[in-house]
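Top line first, the protein sequences correspond to chains A and B. In terms of this note's numbering, the first sequence is residues 1 to 222. In terms of this note's numbering, the second sequence is residues 1 to 188.
In case anyone wonders, no lab produced these hints; they're calculated from the structure. Predicted model, so just to flag it, every value in this text is computed and none were measured. C-beta: ideal position from N, C-alpha, C; glycine also. Be careful, since some hints might not be right.
To be verified - In silico DSS-like links for lysine-lysine, alpha-carbon gap of 30 Å or less:
1) 31/B <-> 10/A
2) 150/B <-> 179/B
3) 150/B <-> 10/A
What the hints assert, rightly or not - If we take Cβ atoms under 10 Å as the criterion, some of the chain B residues that face chain A in the derived model are:
4) 16
5) 30
6) 36
7) 76
8) 78
9) 87
As the list claims (entries may be wrong) - Below, a sample of chain A positions facing chain B; criterion: calculated Cβ distance under 7 Å:
10) 5
11) 8
12) 31
13) 86
14) 150
15) 209
16) 210
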Amino acid sequence: MIKNTEGLIKNLSQDLYPVRPLPSPLIRTLLWIVILCPYVVLVVLIIGLVLRRPTSTLDTRFVVEQIFALSTGIAAAMAAFASVIPGRNRSFLFWPLIPMVGWLGTLGEGCLRAGTLETSFHHNLWCFPYIIILGTAPAIVLGVMLRRGAPLTPHITAGLGAIAAAGLGNFCVRLVHQEDVTVMLLAWHVGGVFLVAALSSAAGSYMLNWRSVVGASAKTRG
Amino acid sequence: MTESQESEDRFRRLMGRAQTGDSGAYAELLKEVTLVLRRVYRRQKNFLRDQDIEDLVQDTLLSLHSVRATYDPSRPFMPWLLAIARNRFVDGARRYSRQGAREVAIEDPDVTFKAPSTNTIREAFGDPQALHRAIDQLPSGQRDAIEMLKLREMSLNEASEASGISIGALKVATHRAMKALRRLLKER
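Take the sequences, apply the hints, and build the full model.
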């Protein structure tokens, strides 16, 4: 054995510095939203006012859809934060499911009301760059915050993180995306969320792994 | 109060103090946790050697140290510890299976091709026992560096964390060790 375990314990304990226990997943989620608020408000204002994109009208169906989209993002973020805490009950995996079902339900109902199949397949793609702009910042901030946890389930954590970021981005884009819900909107917006989640999940172990966590800890120490 | 409840309370107290920077409490906690981890990993001894168990214990201690901020003092300590231990065990098992898939055990292939000129493998390289003997002859610093970086495939950061040696010193030690090993194996 290179360095005996007693030697390792001595090394780890002698340069110990205080750490503040991570706040609960709920508090960290709120912190994530607070950090992003100025950015989101600014981007939505720029898109809505400067670029003169009309803001969406506040009918009941739209409000319910937005509540579910935002809840999906928040629940997925809380689940992602819970997934990096060792010893937590795995029931957190189901947290985003309920709002997600509601979100898909309202979108599906909108599709049915959109009219003919022909109009339903029409969709403007101008919103695509805004989804990227509004989804990237939440993803980066969340990624940085998640790296402060234990990479126990990197694929699940990354997938949940992507759903959270895409859900929040989607919520913001819909504020300036005044279109009826169509099959294409469903495919682009919700399909996009799932695609990003799948890709992110596949790359999870590259973003979150013990090697980088232990390495980062060594750098902080040294 | 049962014995396990007592040790749970004790671990919680020690970890809480460790989070405030109390080195003594942390060293005490890690020593006791080491015993728990050895016991947990030994239950898997059907395929783990003592050396593997000690490697896993050390990996787990490093991981625990890196994510100690994730421990919430108001929650139980043992589920937190065992979640990390299980995770590191699964990682370790994956590593062993990967190594197993890459390495093929063959018993002294004494012939490659018929022509004598092709049968020079054993003379040129490939004698692991000679390599181990050569590693044993290295000064302790160089031996540690080789074992951590080459045999256990730790990153420089991980090796530095585990040994308390700076990354620069590890690089120098590895370079010197490789040079010495080449010389020792040539002299054979």
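Going down the list of hints, with the structure as the test:
Simply put, residue 31/B and residue 10/A have alpha-carbon atoms about 10 Å apart, close enough for the 30 Å limit, and the pair holds. With a C-alpha separation of about 14 Å, the suggested pairing of residue 150/B with residue 179/B holds against the 30 Å cut-off. At roughly 24 Å between alpha-carbon atoms, residue 150/B and residue 10/A fall within 30 Å of each other, so this suggested pair holds. A distance limit of 10 Å between C-beta atoms decides the matter here; for residue 16/B the minimum to chain A is near 9 Å, and the interface restraint holds.
Taken as an interface hint, residue 30/B checks out: its beta carbon lies about 4 Å from the nearest beta carbon of chain A, inside 10 Å. Restraint check, residue 36/B versus chain A: the minimum CB separation of about 13 Å is more than 10 Å; hint violated. Among the interface hints, the one on residue 76/B holds; its C-beta lies about 7 Å from the nearest C-beta in chain A, closer than the 10 Å criterion. The restraint placing residue 78/B at the interface with chain A holds, with a minimum CB-CB distance near 8 Å, inside the 10 Å limit.
The restraint placing residue 87/B at the interface with chain A holds, with a minimum CB-CB distance near 5 Å, inside the 10 Å limit. The criterion of a C-beta within 7 Å of any C-beta in chain B is met by residue 5/A, whose closest approach is roughly 6 Å, and the hint holds. Hint status for residue 8/A: holds, given a least beta-carbon distance of 6 Å to chain B, under 7 Å. Annotation: residue 31/A was flagged as interfacial toward chain B, and the flag is violated, the nearest CB pair being 15 Å apart, outside 7 Å.
Restraint check, residue 86/A versus chain B: the minimum CB separation of about 4 Å is within 7 Å; hint holds. With a least beta-carbon distance of about 4 Å to chain B, the hint placing residue 150/A at the interface is held under the 7 Å criterion. About 9 Å separates the beta-carbon of residue 209/A from the nearest beta-carbon of chain B, more than 7 Å, and the hint is not met. Checking residue 210/A against chain B by beta carbon gives a least distance of about 6 Å; that is within 7 Å, so the hint holds.
Of the numbered hints given earlier, the model fails hints 6, 12, 15; all others are met.
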